[in-house]
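Place chain A on chain W using the hints.
These protein sequence lines are chains W and A, in that order. Residue numbering for the first sequence is 1 to 320, as defined by the UniProt record's numbering. Residue numbering for the second sequence is 1 to 490, as defined by the UniProt record's numbering.
I should point out that these hints are in silico values taken from the structure, not numbers from a laboratory. The reader is advised that the hints may include incorrect statements.
Here are the simulated distance ranges between beta carbons [said to hold, decoys possible]:
id : chain 1 : residue 1 : chain 2 : residue 2 : range
1  : A       : V84       : W       : D262      : 25 to 35 Å
2  : W       : E294      : A       : L281      : 31 to 41 Å
3  : W       : P240      : A       : E233      : 51 to 61 Å
4  : W       : E122      : A       : G470      : 32 to 42 Å
5  : A       : K271      : W       : E152      : 38 to 48 Å
6  : W       : P81       : A       : A96       : 52 to 62 Å
Reference excerpt, derived from the structure (chain W facing chain A, CB under 7 Å, subset only) [claimed, not checked]:
id : residue
7  : L2
8  : A6
9  : E298
10 : Y311
Computed footprint of chain W on chain A, listed as stretches where at least three residues anywhere in the stretch have a Cβ under 8 Å from a Cβ of chain W [claimed, not checked]:
id : segment
11 : 55 to 67
12 : 268 to 279
13 : 316 to 323
For glycine and all other residues, C-beta sits at the position ideal for the given N, C-alpha and C.
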Amino acid sequence: MLSRIAESLYWMARHLERADNTARVLDINVVHMLESDEGLTEDAQWRPLLTIVGADEVYQALYPDGRATVQRVIHLLTQDPSNPGCIHNCLRLARENARAARDRISKAMWESLNEFWLVADEHLGAKLPPWRAAELYSFIHREVATFLGLTETTMMRGEAHSFVRLGCLQERADMTARILDVRYHLLLPDLSLVGSPLDYYQWGALLKSLSGFESYRRRYQNGIRPIDVVEFVMLNPDFPRSITYSVNALEHALTRIGYPPDGATPSAIAALRQQVVGVEPGAIIESGLHQYLEELLERLSVLGDALQSDYFEAHPGDVS
Amino acid sequence: MFRQFQSNGGAPLLDRSEGPPMAFHEFYRDDFRPREHYLPMWEHLQRVGQKGLANKARDAQLALHNEGVTFTLYSDEGKGIERVWPVDILPRIITAQEWHPIEAGLKQRVRALNLFLKDLYHGQHILKDGVVPPELIYRGKDLCREIMDVDPPGDIYIHISGADLIRDEEGRYLVLEDNLRTPSGVSYMIENRVIERRILPELFSSYHVRRVEHYPDLLLQSLRDLSPRGPEEAVVVVLTPGIFNAAHFEHSFLAREMGVELAEGRDLVCKNDKVYLKTTLGLRQVDVVYRRIDDEYLDPLVFRSDSVLGAAGLINAWRAGHVALVNAPGTGVADDKAVYAYVPDIIRYYLGEAPILQSVPTYQMTDHQDRTYVLDNMEKMVVKAVAESGGKGMLMGPNSTAAQRDKFAKKIVEDPRHYIAQPVVQLSRHICYLDGELESRHLDLRPFCIYGSDIEVVPGGLTRVAVTRGSLVVNSSQGGGSKDTWVLAD
Chain W
1 MLSRIAESLY WMARHLERAD NTARVLDINV VHMLESDEGL TEDAQWRPLL
51 TIVGADEVYQ ALYPDGRATV QRVIHLLTQD PSNPGCIHNC LRLARENARA
101 ARDRISKAMW ESLNEFWLVA DEHLGAKLPP WRAAELYSFI HREVATFLGL
151 TETTMMRGEA HSFVRLGCLQ ERADMTARIL DVRYHLLLPD LSLVGSPLDY
201 YQWGALLKSL SGFESYRRRY QNGIRPIDVV EFVMLNPDFP RSITYSVNAL
251 EHALTRIGYP PDGATPSAIA ALRQQVVGVE PGAIIESGLH QYLEELLERL
301 SVLGDALQSD YFEAHPGDVS
Chain A
1 MFRQFQSNGG APLLDRSEGP PMAFHEFYRD DFRPREHYLP MWEHLQRVGQ
51 KGLANKARDA QLALHNEGVT FTLYSDEGKG IERVWPVDIL PRIITAQEWH
101 PIEAGLKQRV RALNLFLKDL YHGQHILKDG VVPPELIYRG KDLCREIMDV
151 DPPGDIYIHI SGADLIRDEE GRYLVLEDNL RTPSGVSYMI ENRVIERRIL
201 PELFSSYHVR RVEHYPDLLL QSLRDLSPRG PEEAVVVVLT PGIFNAAHFE
251 HSFLAREMGV ELAEGRDLVC KNDKVYLKTT LGLRQVDVVY RRIDDEYLDP
301 LVFRSDSVLG AAGLINAWRA GHVALVNAPG TGVADDKAVY AYVPDIIRYY
351 LGEAPILQSV PTYQMTDHQD RTYVLDNMEK MVVKAVAESG GKGMLMGPNS
401 TAAQRDKFAK KIVEDPRHYI AQPVVQLSRH ICYLDGELES RHLDLRPFCI
451 YGSDIEVVPG GLTRVAVTRG SLVVNSSQGG GSKDTWVLAD
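Only chain W is shown next, with the shape it has when bound in the complex (with noise of 0.2 Å):
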């Protein structure tokens, strides 16, 4: 297929991941905010979502005082135009790109996308009240949730489906290690505070923003232990946003597509696949977490940079 479209494809299912994965962050930090008595600050329950995102520093542009504030986080999150990574953009980007695909994505993928967009550019076109956030929130998950089951039940299996999981996928485990990352930062320092209230909240929150809380708990009975978390979150082969679930499906669709001669795509995967095999979450912590999420990270954009040299640039070298 066209180069140009597989591109759109994967960044058409990215920046749809993207604006969920915000989403389901912001909507998690609601509720939690609603709830919380254990006395944090405003900074404190906030900040985090900006370095998850990576918006500290549009964050720091734009407000001087540095002071994070759950209405401008909200705000910069989900609808502010000087970020570009807010909601209102990904979707914004995820509704181009199928644009540019359109005649290889399903009519129903493309409707529920459309209308999907169109709605929320009407609602994200003025200033979002805080107390309609939620609602927005969950609209957005039951929308992307829709148009990636119409992904699975109105798409022919073949390379333009796979550079479609290939993008959910990448911004998945993408997304799912830098929640891990900021959150374990901010809660691990005290091993002894396990068993808290407060750790379950929090941990709890977590779990809910990777939609894995109920599967947990069914999965683990001692409770919430941040052992058990990263063990669960990272290397559970059977929960869909998983570290272990996502690289097992990316290889899973790289095979589908098919790996050009001489590319750095096998690499990749390869290099991948070596950070979640054999290791136990006792041994991630002990070396640390932050280090060992960093390494993932590089080893994912890696990934991304092998993708776009192999599949989305032909060379006029290539004739086949």
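Same frame as chain W, but now just chain A:
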């Protein structure tokens, strides 16, 4: 207004103030009764009633909105604004007797114009014989010297065309423009049909309407036939300028309907006089390019060197016979508004036949007598820049101010070759359902021709409506609307 009509059963709805009374009315006879072939429609509308019609109009609008049937307007910032395609729910109906001469006339015209192009790019006999003045061709900017003496497959230059037809005060169909470059609108013809059949199913089935939805199939067949490697092997692409182009919806629609790639210039690369697509599995040779990019942007090596829309080397690959371009380069010279006046002579010259469809009388500004007449009668004229399209560079005499007329008069005197003038033709009118009222509006018709092994005219076309009361400008870029067009079977 509609309700009023129902209550006094059959009284004329025609608002005499809304336009010149001479315009032909497609729907009403002179005694303000519906024409015979519109009677079943009229009865049906009365059964549906005001409320039903309002619901149907809303359903149609919603469907177009949700399906993303759009066109793009260019804004001042250079970015495109996407608009939902406007469709009026009342169809235009053309009888078989009306359609036959349209079909025959369009075929005749395209055949003659194609011979004209072949001649211009080879022996130029028509210029030597003094039928068309050579300076008209040489002073225009559309003669494409780069393609002289090249033989395109089957000697066909104009594979795809979409002439604009209007009806004069007597109801005669006239050709207004031939549109031999990259005419748009065929996707909207099909979308209008899909919507209309869904919104007015009973009415639709009460008429025997000829089909138009096989157009993409006809197109694909004729494109594949042009493949230098044979139709079986053919790799066909639609070449688009990109998603900000006004007709991007159509480009994507056609690619999807034909099941071929929708390529942009950056997806193509030329090597050794062959054209390749950049794919995820490397480069793949292309045989046929249905290009929706104007000549001048097609190949920066031959035409505009600053163009990034086309592909460097495309014209050489075409000259070498390794790729077919549809339409061929250089068709613009036969679609020039000044050459238009000579089409009847061109038909007689090559085919030895009388033209079946008439043209609008056209005054050449290079002719002294014509020019003096036009300058003295500007308020009765439509003045057009020969190089413009889409309703731009145009003066509508009757609606113009003295200052606008002076401006155009000055332009004509300065550069007579680049202007022509035509008497204002009152386009025919038709009833439309607008904002809950039935109102009459002017419209035109663009049928689509495919020149393959034979010439085919799809029975139907895009009817464009001037939505503003009294306006004669139907272009969608200027706020025009559209109607589904029903050509009836014999």
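To see whether the hints hold, each was checked on the structure:
The hinted range of 25 to 35 Å is not satisfied by A:V84 and W:D262, whose Cβ atoms lie roughly 47 Å apart. At roughly 34 Å, the beta carbons of W:E294 and A:L281 sit within the given window of 31 to 41 Å. A hinted range of 51 to 61 Å is violated for the C-beta pair W:P240 and A:E233, which are about 43 Å apart. Taking the beta carbon of each, W:E122 and A:G470 are about 34 Å apart, inside 32 to 42 Å as hinted.
Taken as a hint, the range 38 to 48 Å holds for the pair A:K271 and W:E152, whose Cβ atoms sit roughly 39 Å apart. Range check, W:P81 to A:A96: Cβ separation about 56 Å, and the 52 to 62 Å hint holds. Evaluation of the W:L2 hint against chain A yields a held restraint, the C-beta minimum of about 5 Å falling below 7 Å. Taking 7 Å as the C-beta contact cut-off toward chain A, the hint placing W:A6 at the interface holds, the least distance being around 5 Å.
For W:E298, the interface hint is violated, the least distance from its beta-carbon to any beta-carbon of chain A being 25 Å, above 7 Å. Annotation: interface hint on W:Y311 holds; nearest CB of chain A at approximately 5 Å, less than 7 Å. Proximity of the segment 55 to 67 of chain A to chain W, defined as three or more residues with a beta carbon under 8 Å from a beta carbon of that chain, is established by the 3 residues found. As drawn, the segment 268 to 279 of chain A meets chain W at 6 residues by the rule of a beta-carbon pair under 8 Å; at three or more, the given contact holds.
Proximity of the segment 316 to 323 of chain A to chain W, defined as three or more residues with a beta carbon under 8 Å from a beta carbon of that chain, is not established by the 0 residues found.
Checked against the numbered hints above, the structure violates hints 1, 3, 9, 13; every other hint is satisfied.
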